[in-house]
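Chemist: Sequence:
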Amino acid sequence: MKRSLLALDMPIFEENWHRLRDQIRDLTPTGSDAARILPVTKYLDRDDARQILDGGYGPLGENRADQLVERTDPGQDPDGWHFIGRLQRNKIRDVAPRISLFHSLDSERLATALDSWVDVHLSAPLRVLVQINIAGESRKAGIDLVLAADLILSWIDQFPSLRFCGLMTMAPDWPSEQCRPVFRALRELRTAIQDQLPAPSAPQFEHLSMGMSGDWKVAVEEGATLIRIGRALYRSPEEED
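Start counting the sequence shown at -10; every next residue gets the next number (my numbering).
In short, the hints are calculated from the structure, not lab data.
Glycine included, each C-beta is placed from N, C-alpha and C at the ideal position.
Check each hint, because a few of them may be wrong.
Pair ranges (Cβ atoms, derived) [as the list claims (entries may be wrong)]:
1. P192 with R75: 26 to 34 Å
2. Q185 with E3: 38 to 46 Å
3. E3 with P187: 24 to 32 Å
4. K129 with A188: 28 to 36 Å
5. K31 with S127: 21 to 29 Å
6. P187 with L136: 33 to 41 Å
7. Q65 with S143: 30 to 38 Å
8. E59 with S143: 33 to 41 Å
DSSO-like cross-link-like pairs, simulated, lysine-lysine; straight-line CA separation at most 30 Å [claimed, not checked]:
9. K80 with K31
10. K129 with K31
11. K206 with K80
12. K31 with K206
13. K80 with K129
Whenever a hint applies, use it, and build me the whole structure from the sequences.
Modeler: Right under this line is the structure:
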């Protein structure tokens, strides 16, 4: 694989990771758990990704099935990886055994295919987040906000081989403060769904995967539990300025 201009410099990565962690703690609403940093690996080669995992900074987030296969081994521990990109149904067999959380379930058709495959091939349900297209952008995947609560509640009953653990969204390419209503709407949707779930199931529907390098601070203020960070981890502070 051709190395990116953002190829790993481990001391820079560690400095950035610890700085972000401290900022997250300062921004986290009182009474909430701090969001977890999910390093995005599209900038890395296999050795870079392994170095981050060995350093204890996993799990990592990959958004392409072929790159996930390249960076992992058959039978490897899936706890080290999340999948955050669009998933084609013919790639389910490549992705599902290698991950502990799928962030971007975006259609009933995909849910049906995933549920069927997992039921046959995995020993436990696959943990998933449902992707919501809060801003209704035509170029982005995700469930329409208006339809989402009823649809997700029906999926929870319909697909027993999937464990529904929360929601994901990608904010529009707006200034970060303008993204606040998007993140707030996702949090409010999660609460609305939790309120309709049986008491034992509601705490499992916990995650809000929202916020990336350009808007993560606002996402944390609005209750993100997972933030997907790429360039802000790999570039030196001087390059980010």
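Chemist: Work down the list of hints and note, for each, if the structure agrees.
Modeler: Here is what the structure says about each hint:
no. : hint                       : result
1   : P192 with R75: 26 to 34 Å  : holds (29 Å)
2   : Q185 with E3: 38 to 46 Å   : holds (42 Å)
3   : E3 with P187: 24 to 32 Å   : violated (42 Å)
4   : K129 with A188: 28 to 36 Å : holds (34 Å)
5   : K31 with S127: 21 to 29 Å  : holds (23 Å)
6   : P187 with L136: 33 to 41 Å : violated (22 Å)
7   : Q65 with S143: 30 to 38 Å  : holds (34 Å)
8   : E59 with S143: 33 to 41 Å  : holds (36 Å)
9   : K80 with K31               : holds (18 Å)
10  : K129 with K31              : holds (19 Å)
11  : K206 with K80              : violated (33 Å)
12  : K31 with K206              : holds (22 Å)
13  : K80 with K129              : holds (20 Å)
Hint check: violations occur at hints 3, 6, 11; the rest are consistent with the structure.
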